[in-house]
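Visitor: Chains V and R, in that order, give the protein sequences.
So for the first sequence, this note's numbering puts the first residue at -7; every next one is plus one.
So for the second sequence, this note's numbering puts the first residue at 19; every next one is plus one.
Please keep in mind that the hints were generated in silico from the structure rather than gathered at the bench.
None of the values given here were measured: they were computed from a predicted structure.
Worth double-checking, as some hints may not be accurate.
Said to hold, decoys possible - Think about it this way: if two alpha-carbon atoms lie no more than 20 Å apart in a straight line, the pair counts; the simulated SDA-like pairs of lysine to any residue are:
id, chain 1, residue 1, chain 2, residue 2
1, V, Lys31, R, Pro35
2, V, Lys31, R, Thr37
3, V, Lys31, R, Glu33
4, V, Lys31, R, Gly34
5, R, Lys60, V, Glu47
6, R, Lys174, R, Met139
7, R, Lys60, V, Trp89
8, R, Lys60, V, Leu2
9, V, Lys31, V, Pro141
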Amino acid sequence: MGDADSTEILRAPHVLEFPYARSVGPVIGAFLTALRDGKILGARSASGVVVPPTEYDPVTGADVGELTEVGPGGVVTTWSWAETPRRDQPLDRPFAWALVRLDGADTAMLHAVDAGTPEAMSSGMRVTARFRPASERQGHIRDIECFEPAGRAG
Amino acid sequence: MSGAGTLTDAGGTGEGPVTSVATPIRVEYQYTAGLAQSRFLKGIAEGKFLGQRCPKCHKVYVPPRGSCPTDGVATTDEVELGNTGTVTTYCVVNVPFQGQSIEIPYICAQILMDGANLAFMGLIQEIPADQVRMGLRVEAVWVDRDELGPNMASVKYFRPSGEPDAAYETFVEYL
Chain V
-7 MGDADSTEIL RAPHVLEFPY ARSVGPVIGA FLTALRDGKI LGARSASGVV
43 VPPTEYDPVT GADVGELTEV GPGGVVTTWS WAETPRRDQP LDRPFAWALV
93 RLDGADTAML HAVDAGTPEA MSSGMRVTAR FRPASERQGH IRDIECFEPA
143 GRAG
Chain R
19 MSGAGTLTDA GGTGEGPVTS VATPIRVEYQ YTAGLAQSRF LKGIAEGKFL
69 GQRCPKCHKV YVPPRGSCPT DGVATTDEVE LGNTGTVTTY CVVNVPFQGQ
119 SIEIPYICAQ ILMDGANLAF MGLIQEIPAD QVRMGLRVEA VWVDRDELGP
169 NMASVKYFRP SGEPDAAYET FVEYL
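Could you put the whole structure together from the sequences, leaning on the hints where they help?
Guide: Below, the structure is given as structure tokens:
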């Protein structure tokens, strides 16, 4: 095999990329369209108001009913601290991933909470959605920039 | 936020219902070749195929992985192979896809280099796709000497060597 010690181990950068576009369907489509308008929609079902809305009742599989506006305030049901955000995550500073049950909703939605420190986070705390400016909204979950502790100035 | 975007019925103007979202997946990583493959790639950069032989079963692996998958022992002997080999099996690529750089139809073949006991994949050119066959004898065509590097782009493709086809019995155990 030759002189192993003299063999430099080669390394090279690799990039793997799939430029997917995903069709969203009528219900998620309406949810995203409403986000662009600065509103959060849920779907009425026998299981309660589902947010983000699904096309089917998650318990019975029946069609959901009408869409209804929820939030923008809500309650953190559980959370996890992200001390070192990765590229493309919602915030470029430490933040919490949290399940947020919006006012008027019966399910919780995953999003980021801009709390500054983990000490500022607790299950049961009230948060409110911080939308991007209307001119930047595109009909995407990131039209909600993040959630922030309710009552915070600014 | 980079890469995230939305397509709408109105063509992205921000009007009309949202029907689609861009969901790009991107993975960036460092590939580490390891000792055996690094030696192989340095051989490629010099215009030669280097394999490794198992001390137990004496099979020659190219590209080498540093060990014999049958015997589970390190492959200790380095073997320089020639420039010719045999097409064991192949596939005709007829489907265009994003990023394709070769005119279709083209042939991806498993090529068993002379003296090797493992076939690897290579592109076949300089022969019409419908004339490629199992047993076809081929030779590697390299890039110009000053363009050689430690990567498989150094081998432009394989082309018929002009030798008579190899007998099926000579490569049947490599299919």
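Visitor: Verify the proposed pairing of lysine 31(V) with proline 141(V), using a straight-line Cα cut of 20 Å.
Guide: holds (19 Å)
Visitor: What's the verdict on lysine 31(V) and threonine 37(R), does the C-alpha distance respect the 20 Å limit or exceed it?
Guide: holds (17 Å)
Visitor: Can the restraint linking lysine 60(R) and glutamate 47(V) be considered satisfied, given a maximum Cα separation of 20 Å?
Guide: violated (56 Å)
Visitor: Quick one, are lysine 60(R) and tryptophan 89(V) close enough, alpha carbons at most 20 Å?
Guide: violated (46 Å)
Visitor: Would the hint linking lysine 31(V) and glycine 34(R) be met if the CA-CA limit is 20 Å?
Guide: holds (16 Å)
Visitor: Could you grab the alpha-carbon distance between lysine 31(V) and proline 35(R) and see if it respects the 20 Å cut-off?
Guide: holds (14 Å)
Visitor: Take the C-alpha atoms of lysine 60(R) and leucine 2(V), compute the straight-line distance between them, and say whether it is at most 20 Å.
Guide: holds (9 Å)
Visitor: Does the structure keep lysine 31(V) and glutamate 33(R) at a Cα separation of 20 Å or less?
Guide: holds (15 Å)
Visitor: Given the hinted pair lysine 174(R) and methionine 139(R), is their alpha-carbon gap at most 20 Å?
Guide: holds (13 Å)
When held up to the earlier numbered hints, the structure conflicts with 5 and 7 and fits the remainder.
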